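Q: Protein chains in written order, with the UniProt record's numbering: chain A, 1 to 425; chain B, 1 to 241.
Worth flagging that the hints you see were computed from the coordinates, not collected in a lab. Predicted model only: the values in this text are computed from it and were never measured. No residue lacks a Cβ here, since even glycine has one placed at the ideal position from N, Cα and C. Don't take every hint at face value.
To be verified - If you want the footprint, here are the derived chain A segments under chain B, 3+ residues with CB under 8 Å:
id, segment
1, 10-24
2, 216-226
3, 232-238
Said to hold, decoys possible - Below, in silico cross-link-like pairs of lysine-lysine (PhoX-like), each with a Cα-Cα straight-line distance of 25 Å or less:
id, chain 1, residue 1, chain 2, residue 2
4, A, K227, B, K91
5, A, K327, B, K71
6, A, K3, B, K17
7, B, K156, A, K3
8, A, K3, B, K91
9, A, K227, B, K154
10, B, K91, A, K13
11, A, K227, B, K156
12, B, K75, A, K3
13, A, K327, B, K100
14, B, K184, A, K227
Unchecked claim - DEER-style ranges, computed between Cβ atoms:
id, chain 1, residue 1, chain 2, residue 2, range
15, B, R237, A, Q19, 47 to 53 Å
16, B, S165, A, T5, 31 to 37 Å
17, A, Q292, B, E108, 57 to 63 Å
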Amino acid sequence: MRKFTNLLKKEVKELITFQLIVSLLFTIGLFYFIGNIVQSEVQKAGEKRDIHVFNLDDSQESKALLDGLSYAGFKINLLEGKDKAEAIEYAKNSNINLLIVIPEGFSEAASKFQFKEIEAYSFIRSFSMTSSANAAIVDQVISEINKLLSNNFLKTNFPDFNPEDIKNPIKSRDFVVIKDIMAEGSAAEVSNIVYSQSIFIPVILMMIIVFSSQMVLSAMAMEKQDKTLETLLTVPISRNQIVIAKMAASALVGLISAGIYMLGFRYYMGGFMGNIHESGQLNELMQKLGLQFTSCDYVVLGISIFLAILCALGLTIILGVMVEDLKSAQTMILPLIFLVMIPYIISLFSDINSLSLPVKVLIMLIPFSHPFIASQNILLGNYAVVFYGILYMLVVFIILIFICGRIFSTDRVLTMKLRFGRKER
Amino acid sequence: MDNIILRVNNLRKNYGKIEALKGVSFEVKKGEIFALIGPNGAGKTTTLRIVATLLTPTDGSVEFMGFDLRKNPDKIRQGITYLPEEAGAYKNLTGLDYLKFMANFYAEKPQDVDMYIERAIKIVGFKDRLKDKVGTYSKGMTRKLLLARALMTKPKLAILDEPTSGLDVINSLEIREVIREFVKEGVSVLLSSHNMLEIDFLSDRVAIINNGQILEIGEPKALKDKYSADNLEEVFRRLVQ
Ligand SMILES: Nc1ncnc2c1ncn2[C@@H]1O[C@H](COP(=O)(O)OP(=O)(O)O)[C@@H](O)[C@H]1O
Ligand SMILES: [Mg+2]
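Chain A extracted, bound-state conformation (with noise of 0.2 Å):
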């Protein structure tokens, strides 16, 4: 046991290099950056949106038409001015990117159902996504003039009436249901959440599986560089122990890694969260379709991770088997990078569900698809899906392990090489 112990800690600190540290801390970095995005993003939708107003028509009608619009959730600046052309400069010089301009006589000729026009000036300074937002503004702007002045006209014609009954007859309810759950709400706004929630998931887990399976791959390919493992096999400890070991200290790290993983997921998640919280009611709809992440979930999530690696690192100890030194140790990760980058590159574009069944069986037999596809049948409450993906994945990895122990109890740990077109000495 003291040996197997000398073993371990050998491993686990040839293991935690620098470099894992850096790596994990750009991970969680790269989470709570992206949770801080998403969270300054959604604050800013729900800011008031700025427009500046020159008022050529000084009447008490327009002036209830900008409360209206302040109402409707706009931020109202009034520009002082002798004319349009000053006002205009003004805009020009001072930044502002919006300028509505109200004509004079604008309110007398709406009483008399003569309309005169609004105009609207944009001012575009870079072509970026402020500017599209604010030709969408414009857009606002005038279908909300449009509706407080059509609702004026019909609540003065029709006092006895809701205008918007008038306007829309007709209403709709909309209802989501998932699985036996059903909840009133709108589909495309639960589905929007879900999806900008679960679009990051899959890069940073496909970080992690490669990274740390290229640590390890490294790791025994200085083993066998500097010819460490042949000395390491001749002394007396079992074989077995050996494998065990360096599986244990893998697992160690895969497991800190998943930990660092999950706690890093759960910044990125509380910046929805935090959106979520601010409208209510989009909350109360995520809760009460099950739609949120608890405990147990973080739990089951983090096992199907944690197999995940480690079915990624057993796979490497076998390559690292093959590999003679670090610059074929390069070479080596490739086939397993392509079995991570399949599922990864089909949970970002595709879902797995509406492929066809080979396709579909084929990509659950690479072990490393099942976490990737967790996080959303977690949410859906498909957890059967979920378990046996776990299943699939320990059996995975047992079988691993015991290539690993053959492999290591017979020459083939020094004789197995692969050679890609290099000539035999």
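Guided by the hints, dock chain B with the ligands onto chain A, whose structure is given.
A: Just chain B with the ligands now, with coordinates in the frame of chain A:
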């Protein structure tokens, strides 16, 4: 009979189609330095790796202190240490940590580790640098560190593959002296070299190996006399002609 520690009998090893060993037999006596000498690719490393329990022979037998290689590799591992050719140590460990790590596999009680380390420090001859990472060592220092780890536990048999290859004259000389000293204290040594001249000074008996076959075995002096040669290199040339 009793003073023979290692018996290698008709050893064969194939790597796929390559016949690396074609029936190698020799014996190592207690307290002697036995050297396998021969050109590159002769089969020296293959032989040593088999004796060190790293490879399983295709045919033939190896018996170490009465234990059969195939049946009791664990018993053999307790009595030997192996120094691979062109080996390194874990670059992220300090020299001292490396020695401690290896010592722990052989120590029966904690005091043993201290004793092994003390011996190792005498062998390497640089105490201060042992606190530095192995990655910062020169080739000579690394080789001495590895030799120290192979000898510090005073194994029954130290298997050293090309212990001095690639080293300068001074380092080679120091390593040869250390080996000699440990043999006096009861360690037997099986080593290999492609440098036939240096083996002349170092070994008690040599086996000349070529193409997976042993051509001659004997004391260097006896071999030189037999082939009326000035040195072992000439003996080898006579043998392959
Ligand atoms: N892992 C291996 N796979 C295939 N052939 C090998 C392997 N190791 C050694 N050989 C071959 O076996 C022969 C003996 O090699 P080796 O024992 O390393 O010789 P030496 O140590 O005397 O230079 C050589 O022809 C070599 O190419
Ligand atoms: Mg060799």
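Q: Hint by hint, note whether the structure agrees.
A: Here is what the structure says about each hint:
| no. | hint | in the structure |
| --- | --- | --- |
| 1 | 10-24 | holds (count 4) |
| 2 | 216-226 | holds (count 3) |
| 3 | 232-238 | holds (count 6) |
| 4 | K227/A x K91/B | holds, 12 Å |
| 5 | K327/A x K71/B | violated, 37 Å |
| 6 | K3/A x K17/B | violated, 39 Å |
| 7 | K156/B x K3/A | holds, 20 Å |
| 8 | K3/A x K91/B | holds, 21 Å |
| 9 | K227/A x K154/B | holds, 22 Å |
| 10 | K91/B x K13/A | holds, 11 Å |
| 11 | K227/A x K156/B | holds, 22 Å |
| 12 | K75/B x K3/A | holds, 16 Å |
| 13 | K327/A x K100/B | violated, 30 Å |
| 14 | K184/B x K227/A | violated, 29 Å |
| 15 | R237/B x Q19/A: 47 to 53 Å | holds, 52 Å |
| 16 | S165/B x T5/A: 31 to 37 Å | holds, 35 Å |
| 17 | Q292/A x E108/B: 57 to 63 Å | holds, 58 Å |
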